[in-house]
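Visitor: Chains as they are written, first to last, in our numbering: chain A, 1 to 1094; chain B, 1 to 530.
Since the hints were made in silico from the structure, they are not lab data. Note that the coordinates shown come from a computational prediction; the quantities given were computed from them, not determined experimentally. Note that the Cβ used here is the ideal one computed from N, Cα and C, for glycine as well. One thing to keep in mind: the hints can contain errors.
Claimed, not checked - Derived list of chain A stretches under chain B, where covered just means 3 residues or more per stretch with a C-beta under 8 Å from a C-beta of chain B:
hint, region
1, 55–66
2, 532–541
3, 673–681
4, 889–902
To be verified - DSSO-like cross-link-like pairs, simulated, lysine-lysine; straight-line CA separation at most 30 Å:
hint, chain 1, residue 1, chain 2, residue 2
5, A, Lys674, A, Lys762
6, B, Lys518, B, Lys257
7, A, Lys735, B, Lys23
8, A, Lys762, A, Lys735
9, A, Lys860, A, Lys986
10, A, Lys892, A, Lys320
11, A, Lys468, B, Lys333
12, B, Lys333, A, Lys860
13, B, Lys22, A, Lys847
14, A, Lys582, B, Lys333
15, A, Lys512, A, Lys634
16, A, Lys865, B, Lys518
17, B, Lys22, A, Lys735
18, A, Lys512, B, Lys22
19, A, Lys249, A, Lys865
20, B, Lys257, A, Lys582
21, A, Lys320, A, Lys935
22, A, Lys512, A, Lys365
23, B, Lys27, A, Lys735
24, A, Lys582, B, Lys22
25, B, Lys23, A, Lys884
26, A, Lys1093, A, Lys1034
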Amino acid sequence: MLLMLLCMGSITTSGQEKKTVSGTVLDSAGHAVKDVSVYVRNGSTGTSTDAEGHFKILASAKDVLVFSAIGYTRNEVPVGSKTTITVSLVNTSAGLEEAVVTSLGIKRPARSLGYAVSTISAKDLTESGSTNFASALYGKAAGVKITSAPGGASSAVAVQIRGVSSIGLNTQPLYVVDGVPIRLYNDPAGNLGNNSNNNGYYSNQRISGNGILDINPDDIESLTILKGASASALYGSEATNGVVVITTKKGGKSKGLGVELNYVFNQEKLASSPDYQNDYGPGYDAQTNVANGIADATGWATADSYHHPYWRAYTMFGPKFDGSQVRYWDGTMRSYVAQPNNYKDFFSTGYNSNGNIAVSNSSEKGNYRFSYTRMDYKGIMPGSNLNKNNFNFNGTLKLSDRVSVDLVSTYNYNFTHNRPYLLSQVFGAFNGFFSRADDMSAYFDHYQTTNGYKYVIPSNNAYDQDQKLAYNIRATNLMDYLWTALKDSYDETQNRFINSVTLNVGITKDLKFRGRVGGDFTNRGIEEKDHNSQPAATGNTGAYSVTSSTFNVFYGDALLTYNPKITNDLSLGFTGGFTGRKQVYHFQNSATSTGLQDENFFSLNNSVGALTTNSARTEQTDVAGFGLVNVNYKNFLYVEGTGRYEGTSTLPPGVNNYFYPSVNAGFVFSDVVKLPTQVSYAKLRASYGIVGNHPNIYQSNVAYNQTGLAYNGANTLYQWSNTSGFGNNDIRSEKKRESEVGLETRFLNDRIGLDFSYYNNKVSNQILTLSVPTSVGASTVLANAGDLANYGFEAAITATPLVTRNVRWTTRFNFAVNKNKLVRLPNGLTSLDLSNQDGGYIIIRAKAGDALGNIYVHPKATDAKGNAIIDDFGLYTNNTNDYKYVGNIMPKVVGGFSNSVSYKSFALDFTIDYRFGGKMTSTSTYYQVGSGMYKSTLKYRDAAHGGIAYNVNSDANADYTAAANGSRNDGVILKGVTSTGATNTKVITAAMYYENTYDWETNGLYENAVFDNSYIKFREATLSYNLPGSITSKMHVQNVQVALIARNLFYIYKTLPHGIDPEVPVGSSWLAQGIDGGSAAPTRSFGVSLRAKF
Amino acid sequence: MKRILINAVCISLLAGGVASCKKTLEKDYLNPETTTTGSMSKLLSGMFLNPRIHPSYHDFATFVMPATAAFSQETAITPGTQMYIPSITYNQARWDDFYAGSMPSDLSQIDYNYNGPGIMSSYREMQTSYAALSATEQAKQYVFLQCAKVILYDQTAQMVDLWGDIPFSQAGSLNTTRAISYAPFDNAAAIYDTLILGLKNLNTYFDTANVAPESQASLTKQDILLGGDLSWWRRYANSLRLRLLMRTSYSDETTAKTEVSAMLADPTTYPLITANSQNVTLKMSGLTLKSDLKDALTGSPFAPAFLLDTLMVNNSDPRTAVLWDSAQGSTYKGFPSTGTVSDYEGGYGTYATYDTVTFMYNYNVPGVLFTAAEVSFLTAEANERWGAGSTPAATAYANGIHQSTDFYYSINQTANLSTGSWASTPSPASTAVDAYIANVAYTGTTAQKLARIGTQNWINFFILQAGQAWAEVRRTGYPTLPFFTSANGNAPLPPSRLLYPPNEQLYNATNYAAVSGKDTRSTKIFWQVK
């Protein structure tokens, strides 16, 4: 056919000289298609269509023009004598004919796949100016849940595919870039599910990043998500959580030099504040005020001659704001008024500036693309910023007709200053609670003294006595936060190289060899400077440390493919190969100890104590042999079987080998069975596969740790066994068996498409660090503990509801439902406690037969009739011997809704994503309710808000009597019975009600710390305009697009109260995503982008 | 053709790599930074570094000051409804440190304020390592196990004093069998019996042990507590036995009387710690192992009025100068048990605080395990009650006060100041101590005399052995402490014991069920019968 066309071309041409050919490209509905690349086959010229679908190109009569665009079938048209051409492209919706990059970089036509994949286009990843590709995925792929940690561009993004496959290990997918599995975590501990940002209250306060942040979205050509076990089975033990296959952009198909320029500028701001009340200032209930002797029953101070409230109180039950002159804790006289914006004032305005230039070229000898990206970013958290430089080269060299070499090389340089901290010490701890009367600028003014030392509280008699705070304050953690964020310095420098070289050899027509070696090398250096917080003469403070680590992944694979065509109807494919990977990690840290001798002289030579130095090294080896067979019968039935035999060094010798098989089939029955004409395409898929998850490196070792102590001039070595995470030499790999069926159909000339999948999996031998009583010798032990099962549905619907001459509207909707169950626990275990907060007052416990993530709290104590038992103080009591179920943290449905509407040269793209069902625990919110911070806590505080009138017998004893015209109106009588069974009549104050019902442990009713978490979020919107060809041609530019972009705009619907953001929980573990310990604030960004092609 | 050949070579090379990688996989299994060979001597050294043996910020800030020192009134605490409710989280940490120890998430970041090996786990690992040795090696290494046993017994008794019944005989299954076997709670009195009998056997062992020279050399190096001197271990074991017997002397007076009388009657067979030079203390070392109490004591800085005003200042106690700093040059004054939060918060400048040189800024506060003064007071009590031993009670009482005074002065005088250059305090004249002894004269009825002994023993323990102070106050009832009655109806006064920590309740549920009836704050430890 091709040959015939060529012949016809040569016959009908009248000459070789070039002429200008112009034309229009239309889709099957007859509407203009922009951005279609138009080029001369085997030639050097190329262009693309403008917003009206027009193009102009130089070609000779014997040339063949090629028209291609994502989402459309490629078309080729011989020029012949024509000077104007109208071309029609068939819409393929999700690219049926397109090759999808699957496991090990093997390309397969989409129609042949027997399992579900999601493919995301480059446009979806970059158009809204997201700082990384993962957070651009919100709502765009069915069954893929994104969680980006607050803290901005330097913070890790978690991706969860099809529910939870591992309770205790990593739940993040494997990322493969141009065939090389890349590093996700900063150190080998990453496979532990608890890595990166999982609510460490005392440790790991800095919001860390992960490896996907370094993959530049502008360089990504396509991204495929392999969801099920069959799709990812060739990755064996890495594949339990799915695989994300990323292919970077290559040199253009069109010949000749092409230049692309993209620039995005975003402003990032705090999106919302909690619903604070602004009526009452700091102070406790009357009884506590009186007992503490600082304030009287009304909350006004009595101890000194000044008029002021109880500044150190962490609760907001003090005097009502009255505008009177009070002495503030910094000693100034101020009006006693609310500071409604003090939360907002804590945060800064951030920005993101991202520029990218890419140069590409191609010829018969090969092609290349080189791109450079510079990002400057500042988040909303005080004191931190980030710069990135990214260089990417992707080239193909054709050595001969049969041999080609691909070289992909990325160099990434990041500089992060003062990586932001979690805010759990501020919002999850009473010592971080600033009051509604607090002026945020006072904290910014006083966290350090004029001499550069830390703030001086009244009991501090050591230095800068003239700058002593007038009163004790509560929010010392906030002061400390500012000190660390603004005074101290943490500089992180990262150099990362990701390289791969691939040799492709076509040995014969049917036999092909591919060999690949690659590496992902990261070098990180961290320099920390903690300033002296007080004069050296009064105490040893300050610190200096340097850390360097390298993480090196060596990867290699080789595969041989044989594709004999048996008959015209039957073709076979055989592939066999090996893969091996070595991961080597080195870490070294040196630090001063006991402080800096000379103030703020940051050097290891200035340490008060002996320097501490430490190092770590790990080496992990994984090897595998694999093979796959595929059968294609008449292009409508496809069957594939794969197998991987794998060994890993993280499993104990003797049990470190596993076999992971899979089988899948695709049946395009619309080609076989007569279907109604409305159905243009229909395919059934079915697959089954087994994948695994190994323990983390060294995790199962039972060995002694040996450490040394410099004691009296000698180094005393001592040994200890693991105090937590005790090893287990009998550990087995987690094993996931998954079956999946799916249906793909298209209706009405592909105007509507539906992709539906059902999957069912069982993950056995869960590797857990099992909590045990320390009386067995450690607090946790590594164990294979139980089986987990998931089943779920995913559906993606695409449609083009509206197409007219000027308007085109396409829409994509997806949803995913996942049900999860802990099937079995071993050896008589009845339950696993996965999280334990506030001394067991709120736990996440998994019982055999239940879904993972069930939340339990101590129930309110009740009598036989269910009446609440009220204690002698008039308060609710807990039944601490019992637990009650109050919900589950996992969402029931997640999904998204994306739309593209174009009108002439304008286009509007927006994405909405949603989550329904599931709860979130938030102790920080609970404490703040107990502290009277929110509007909701105005209830009971006066008669208008439902408070009962009462007379005071004694504030010291909290003895009150209800009386119709009582002296105060903030009384509460809790409904319930006393210990004798009588109806409770004891009056308590509103303050006592909140302080005790939301108390830390003791009387606290933790069911109030559990909230429904459903939302619909308007995630991103882009309004773009393509400059008309008449202007761009004058500018000698092919295409210019300007756009207004916005991310994280607003919630259309949410169930969380008190203004809490549904996305506050941080952490990459599935568990941490349901637990808020007071993380960081939500952001919203607006910006502009400019994209130009030369 | 040539290319095919090259490719074939490539593939076979890779295949060869796979064949040889079995070895690589096995080699890479173990962390090169750890060892699977347990060393008896190194495990013993680890036990001394248990975070509850030496004075550390974490232990003092979270446990000693708010719990044991507060409940024995060695410190003044902020009045409030929660003042007598110790944090269950910190109780858990205290419990865990005994059984498992505490390791930083990154082993390279050991902070001795928080981290250190467990007592029970290390002892069990020693048993495991010992069992794996040849008979010859076992004979050589036996001495390490015996020294470890003394530490285990001392710390176990302290656990019983806090909680009562605890998992003991079957605890630590991970360290022995590498498998989980939940340990039952052994009866507290039975544990004491085991310890008392075991210490008697240890006395015999340390008396007769014939240690191989290479073991002795290793012990001398690794025993950072007593330098490998078995005669010191012997005195420690006997003194500990004396303490435990006296602790049970009201619950099982017959046994205590017989055994203590036998010990005191025969000091050659049962040598005790009779001089400060024989005190068992873990000494600090420069800036590496250091007592870091400043921030902990700043959190609970004030002297209690009963101790300072009523007992020390009134009687011109010579220890006053080294235990306390007067408030900015004014007179020594303690925080009254009736004080308010406001008084407490504004207390600097009014109330005496822990001494700057001896405690606050001193990196050299030793980990106190046993002092001669305690032996003297226990001897005095035994002599007073039963006529045991040849030293008259009054003499032992006076000896104890002299020893206690010298001990606290020596801490002051050997201080290693973290900052500043405060001078140490010269020792008082012996006459000053005698004058004090006259003020707290050993006179009156037996009950009054026992109260004198109990009071002095309590003063001597101070915050450095607050756990012992609390135990002895509960056992003897001396001194009678004036506690503020909290408005909290559930916890108006200090508890009689600590509640079992939550993880033990949750994860050792079956065994816990057997003792849950005793798990109240008012259940008395078996030896508290007065």
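Visitor: So, for every hint listed, does it hold in this structure?
Guide: Structure-based check of each hint:
1. 55–66: Since 0 is below three, the answer is violated.
2. 532–541: holds (count 5)
3. 673–681: violated (count 0)
4. 889–902: violated (count 0)
5. A:Lys674 x A:Lys762: This hinted pair is violated, its Cα atoms lying about 37 Å apart.
6. B:Lys518 x B:Lys257: Within the cut-off at roughly 28 Å; holds.
7. A:Lys735 x B:Lys23: Status holds; Cα separation ~24 Å.
8. A:Lys762 x A:Lys735: Since the Cα atoms of Lys762 (chain A) and Lys735 (chain A) sit roughly 8 Å apart, the hinted pair holds (cutoff 30 Å).
9. A:Lys860 x A:Lys986: Answer holds: Lys860 (chain A) to Lys986 (chain A) is near 18 Å, not above 30 Å.
10. A:Lys892 x A:Lys320: Not OK: Lys892 (chain A) and Lys320 (chain A) at ~43 Å, beyond 30 Å, violated.
11. A:Lys468 x B:Lys333: holds (25 Å)
12. B:Lys333 x A:Lys860: violated (45 Å)
13. B:Lys22 x A:Lys847: violated (39 Å)
14. A:Lys582 x B:Lys333: violated (68 Å)
15. A:Lys512 x A:Lys634: Holds - the C-alpha atoms of Lys634 (chain A) and Lys512 (chain A) are around 23 Å apart, at most 30 Å.
16. A:Lys865 x B:Lys518: Answer holds: Lys865 (chain A) to Lys518 (chain B) is near 29 Å, not above 30 Å.
17. B:Lys22 x A:Lys735: holds (21 Å)
18. A:Lys512 x B:Lys22: Distance of about 29 Å is within 30 Å: holds.
19. A:Lys249 x A:Lys865: violated (69 Å)
20. B:Lys257 x A:Lys582: violated (69 Å)
21. A:Lys320 x A:Lys935: This hinted pair holds, its Cα atoms lying about 14 Å apart.
22. A:Lys512 x A:Lys365: holds (20 Å)
23. B:Lys27 x A:Lys735: holds (24 Å)
24. A:Lys582 x B:Lys22: At roughly 14 Å apart (the allowed maximum being 30 Å), Lys22 (chain B) and Lys582 (chain A) satisfy the hint.
25. B:Lys23 x A:Lys884: violated (52 Å)
26. A:Lys1093 x A:Lys1034: Satisfied, since the Cα-Cα distance of roughly 14 Å is no more than 30 Å.
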